[in-house]
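Q: With the hints as extra help, turn the sequences into a complete structure.
Okay, here's what each chain looks like letter by letter:
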Amino acid sequence: MYVYDDHDRQMAAERVAQFRDQTARALSGELTEDEFLPLRLQNGLYVQRLAPMLRICVPYGMLRSAQLRRLARVTRDYDKGYAHFTTRQNVQLNWPALEDVPDILAELAEVEMHANQTSGNCIRNTTTDQFAGVQSDELVDPRPYCEIIRQWSTFHPEFAFLPRKFKVAVNASEKTDRAAIQVHDIGLQIIRNEAGELGFRVHVGGGLGRTPMVAPVIREFLPELDLLTYLEAVLRVYNRYGRRDNKFKARIKILVKALTPEVFAEKVEAEWAHIKDSPTRLTPEAIDHIQSYFTEPAYAKVDNATALLAQQRFENREFDQWLQNNVDTHKMSGYAIATLTMKKTGVPPGDVTDKQLEQIADLADEYSFGEVRVTHHQNVVLADVRQDRLFELWQQLGPMGFGTPNLNTLTDIICCPGGDFCALANAKSIPVAEAIQRRFDDLDFLYDLGNINLNISGCMNACGHHHVGSIGVLGVDKKGQEFYQVSLGGSSQHDASIGKILGPSFARDEMPNVISKIIDVYVNKRTDEESFLDTYRRVGIDPFKERVYA
Amino acid sequence: MPDIIFHDGSIRQDQWFVVPRPENGEPLIIPEQERTLIPVDLWIENREQLAGKKNIGVWFDSHDEPEILADHVNELPLIAVNFPKFSDGRGYSIARLLRERFGYKNELRAIGDVLLDQLQFMKRCGFDTYELRPDKDIRKAAQSLNFFSQGYQAATDTDLPLFRRRAS
Numbered sequence: 200m201y202v203y204d205d206h207d208r209q210m211a212a213e214r215v216a217q218f219r220d221q222t223a224r225a226l227s228g229e230l231t232e233d234e235f236l237p238l239r240l241q242n243g244l245y246v247q248r249l250a251p252m253l254r255i256c257v258p259y260g261m262l263r264s265a266q267l268r269r270l271a272r273v274t275r276d277y278d279k280g281y282a283h284f285t286t287r288q289n290v291q292l293n294w295p296a297l298e299d300v301p302d303i304l305a306e307l308a309e310v311e312m313h314a315n316q317t318s319g320n321c322i323r324n325t326t327t328d329q330f331a332g333v334q335s336d337e338l339v340d341p342r343p344y345c346e347i348i349r350q351w352s353t354f355h356p357e358f359a360f361l362p363r364k365f366k367v368a369v370n371a372s373e374k375t376d377r378a379a380i381q382v383h384d385i386g387l388q389i390i391r392n393e394a395g396e397l398g399f400r401v402h403v404g405g406g407l408g409r410t411p412m413v414a415p416v417i418r419e420f421l422p423e424l425d426l427l428t429y430l431e432a433v434l435r436v437y438n439r440y441g442r443r444d445n446k447f448k449a450r451i452k453i454l455v456k457a458l459t460p461e462v463f464a465e466k467v468e469a470e471w472a473h474i475k476d477s478p479t480r481l482t483p484e485a486i487d488h489i490q491s492y493f494t495e496p497a498y499a500k501v502d503n504a505t506a507l508l509a510q511q512r513f514e515n516r517e518f519d520q521w522l523q524n525n526v527d528t529h530k531m532s533g534y535a536i537a538t539l540t541m542k543k544t545g546v547p548p549g550d551v552t553d554k555q556l557e558q559i560a561d562l563a564d565e566y567s568f569g570e571v572r573v574t575h576h577q578n579v580v581l582a583d584v585r586q587d588r589l590f591e592l593w594q595q596l597g598p599m600g601f602g603t604p605n606l607n608t609l610t611d612i613i614c615c616p617g618g619d620f621c622a623l624a625n626a627k628s629i630p631v632a633e634a635i636q637r638r639f640d641d642l643d644f645l646y647d648l649g650n651i652n653l654n655i656s657g658c659m660n661a662c663g664h665h666h667v668g669s670i671g672v673l674g675v676d677k678k679g680q681e682f683y684q685v686s687l688g689g690s691s692q693h694d695a696s697i698g699k700i701l702g703p704s705f706a707r708d709e710m711p712n713v714i715s716k717i718i719d720v721y722v723n724k725r726t727d728e729e730s731f732l733d734t735y736r737r738v739g740i741d742p743f744k745e746r747v748y749a
Numbered sequence: 305m306p307d308i309i310f311h312d313g314s315i316r317q318d319q320w321f322v323v324p325r326p327e328n329g330e331p332l333i334i335p336e337q338e339r340t341l342i343p344v345d346l347w348i349e350n351r352e353q354l355a356g357k358k359n360i361g362v363w364f365d366s367h368d369e370p371e372i373l374a375d376h377v378n379e380l381p382l383i384a385v386n387f388p389k390f391s392d393g394r395g396y397s398i399a400r401l402l403r404e405r406f407g408y409k410n411e412l413r414a415i416g417d418v419l420l421d422q423l424q425f426m427k428r429c430g431f432d433t434y435e436l437r438p439d440k441d442i443r444k445a446a447q448s449l450n451f452f453s454q455g456y457q458a459a460t461d462t463d464l465p466l467f468r469r470r471a472s
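Taken in order, these protein sequences are the chains called V and E. Under the numbering used here, read the first sequence as residues 200 to 749, first letter to last. Under the numbering used here, read the second sequence as residues 305 to 472, first letter to last.
Keep in mind the hints are simulated off the structure, nothing from the lab. Every residue gets a Cβ at the ideal spot worked out from N, C-alpha and C, and that includes glycine. Be a bit skeptical, because a hint or two may be false.
[To be verified] Cross-link-like lysine-lysine pairs, in silico, BS3-like; alpha carbons within 25 Å at most:
1. K627/V x K716/V
2. K364/V x K389/E
3. K389/E x K446/V
4. K466/V x K456/V
5. K389/E x K448/V
6. K358/E x K475/V
7. K364/V x K448/V
8. K678/V x K724/V
9. K389/E x K366/V
10. K279/V x K543/V
11. K456/V x K699/V
12. K446/V x K364/V
[Claimed, not checked] Pair by pair, the computed Cβ-Cβ distance ranges are:
13. Q447/E x Y492/V: 34 to 42 Å
14. T544/V x Q447/E: 53 to 61 Å
15. I372/E x E232/V: 32 to 40 Å
16. R208/V x R316/E: 49 to 57 Å
17. Q447/E x S477/V: 28 to 36 Å
18. D439/E x Y492/V: 43 to 51 Å
19. E465/V x K440/E: 36 to 44 Å
20. K699/V x G313/E: 55 to 63 Å
21. K678/V x E330/E: 49 to 57 Å
22. E393/V x P324/E: 52 to 60 Å
A: Okay, here's the thing in C-alpha cells:
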C-alpha cells in the first residue's frame, strides 16, 4: 500500500501544527465556535451528544498492522478503549477530549494516518472495493487511482468550502460493485473502451440522505490521464452553481437533477475543455509511480488446498459454514480472502476494543502480509491468507469475536451509531440491530435465505445506507417517540436502486416481528435459487405490505 | 483607513472605497477623488467611461460570474472578490478563473469575511492582497500566508502539481 514520502510527511506534520494552533485559538476564544466549526470538521472532529467524536481517515479502507496498533494505543490513552469502524471505511473514536485532539493527530501522523477531510463541506475520503487487487474479475487495481485522488483532493485550495460534503468512490470489477459507486457524488467505474484503452465511466449525482438518488452517467468514457482535470471541472461547476441557500438541497445530486444530467454534463465539458491540457493532466509516469506502491506481496507458489479444505470442512461443520460464508476466492492459487465479521450479537456493529485492534494487527502480520482492509459493511478483511492456514486462522477468530459466519446474511447488519451516540439521530439503531440478530440466530436458516442486506440508519442522513438495503430501516421521530420506517428493494450494486417505503412506521419492539413477516413472504414467494431482491423485484411490494399490515 | 495584508506578508494602509450595489432605481454614485470599487456588472454597463481609470476598480460578489468581464480584466487596476461568509467557497473559483482563464494580471483582493485560516487557500487561488475582517489580529494572520510549505495540486500559484515535481 501507499507509503509517505518526504512531501507527504511534511504536509502531514504541518497539518497537525496548524490544527494545534487552531484548537488553541478556539479554546482561548480567539476563534468563535462558528469560525472553528469547519476547521475542526475538516480535521474529523464533531461535537456529539455525549462527547466529541473524532473520525480518523482510512484511505480507501487500507490499514497496516502498525497503524492498527497505534489506533489501539490511542483508544487506550485518549478514549475508553474502543473504536468504531464506520460505513465509509473509516474509524471513529467516541470519547476524545477536544484539547487532546492535536496530540492524537500527532500520534497518528507518526504512522502516516490523519483525520483530514473526514467531515465538513469538502472532498472526503475516496472509497473502493475491499477486495481490490486480490479478486480475479477486476480490470486493474483501483487503489492507485484512489491514492491519486486522495493527493489531489487533500487541502485543495479551491474546494475546501463546497456547498456540501463530496464523496468519490471507485470500482474496477465488472461483476460486482462493493464500493456502491452509484450512490456517491462521483462514482468512477474503471472500464476499457472499444480500442482497449483504460478509462472511467463517470457517474455524478448519486447519494443517500433525505433525497436518495442513483447517479446518472455523465460521461461514458474518460481516458485515464484525464481523471484529475475532469474531476476538477465537475467540482468547479458544483462549487459555483451548487445551492448554498438550503443545506438540504446543497448536494451535487440536486444540481444534477435541477439542470438535468445532460445540461450538467455540457457545463462540465465546457469547463473541462479549458483545463484538460493543464499541468493537472496526469502523466503515465505519475500513474506508474503511484502504482509502484501497490505491487503484489511475496506470494508463495502454492496450489489450491482443495483436498485439505474438503477434509477440514467434512470434519468440522462450523468451519464449513465459515468457509462458505466468510471466505472469498482469491486471484492467486493457494490463497483466499477472509472477512472477519464485527457483527457479533450483543456488540454494536463495527465496534472493536483496543485489544481486538491489536489482535487484528497480529492476525494481519501472521496471515496476510501485515495489511487489512475495512469494508463499508463495517467488517475487516484479511486479503491474502494461504488456504492451508485458513483452519488455524478460523480457530482463533471465534474466541476473539470475529468468527460469526454471517457475512452478507440478514444479520450482517450495516448500522450507524444512532441515538446512543450521535447528536443528529432521531432514534436508536443499535438496539434494533441487536433485537433482529437475536431473533435470527439459526445459521442454517440464514444461509438458506442467502444474500440479504439489512441496513439501519438512525436518521435520514442515512449513514447506515438504509436506502440501498434489500431491507432498509430508518429511525424517525414522531412527537418525541422513536419509530422505524421500513423500505424494501434497495441495492448499491451495478443494478443500483433505492428502496421503496413499505408503509407506516413501527415501534421498536415490533421490529423483529416485522422483519420475520417480510422474510416469511420471501420464503413463500421465492422460486428455486431466487434471491430476496430478485423475488421482491418480481412480485413487487404488495404481498409484503399485505402480510406486514394484516 | 483599513490595513491590508500584501502578498509578501507586509501590512500597509491601502484604502479602496467599496461602493455597495445601489438600491432599486437609485443611480450609481461614484465618489470623487477616491479610489473606488464598484459592482462589476455596473462597471460593464459604464465601461466606455470607466475603462482605464486608475482609481476605479470592481468588486465581485460570490454569485457574480467572472465571464462577464472576460477579456476586459486587464482594463482594471484592481478587482476585489467579496466573501459574504468565509464558508462561501465560490470566491476561490472566481479568483482562479480571473487569473488562469482570463489572464488577469493586476491586483486581486479578498474582501468581506476574510479570516486567517483561509488566507493560504486564497493565496493559492490567485489573491495577492487581503482585507482581513477588522476585529481580527492582522499581524498574526499575515504570518499564515505560507503555513504549508507546499501543496499537492497545481493552482494559480504553481503550474507544478506534486506528481510533476516528484518526477523531475
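Q: Evaluate each hint against the coordinates.
A: Here is what the structure says about each hint:
no.	hint	in the structure
1	K627/V x K716/V	holds (22 Å)
2	K364/V x K389/E	holds (18 Å)
3	K389/E x K446/V	holds (15 Å)
4	K466/V x K456/V	holds (13 Å)
5	K389/E x K448/V	holds (19 Å)
6	K358/E x K475/V	violated (36 Å)
7	K364/V x K448/V	holds (12 Å)
8	K678/V x K724/V	violated (37 Å)
9	K389/E x K366/V	holds (24 Å)
10	K279/V x K543/V	holds (20 Å)
11	K456/V x K699/V	holds (20 Å)
12	K446/V x K364/V	holds (10 Å)
13	Q447/E x Y492/V: 34 to 42 Å	holds (36 Å)
14	T544/V x Q447/E: 53 to 61 Å	holds (55 Å)
15	I372/E x E232/V: 32 to 40 Å	holds (37 Å)
16	R208/V x R316/E: 49 to 57 Å	violated (36 Å)
17	Q447/E x S477/V: 28 to 36 Å	holds (31 Å)
18	D439/E x Y492/V: 43 to 51 Å	holds (47 Å)
19	E465/V x K440/E: 36 to 44 Å	holds (42 Å)
20	K699/V x G313/E: 55 to 63 Å	holds (58 Å)
21	K678/V x E330/E: 49 to 57 Å	holds (50 Å)
22	E393/V x P324/E: 52 to 60 Å	holds (57 Å)
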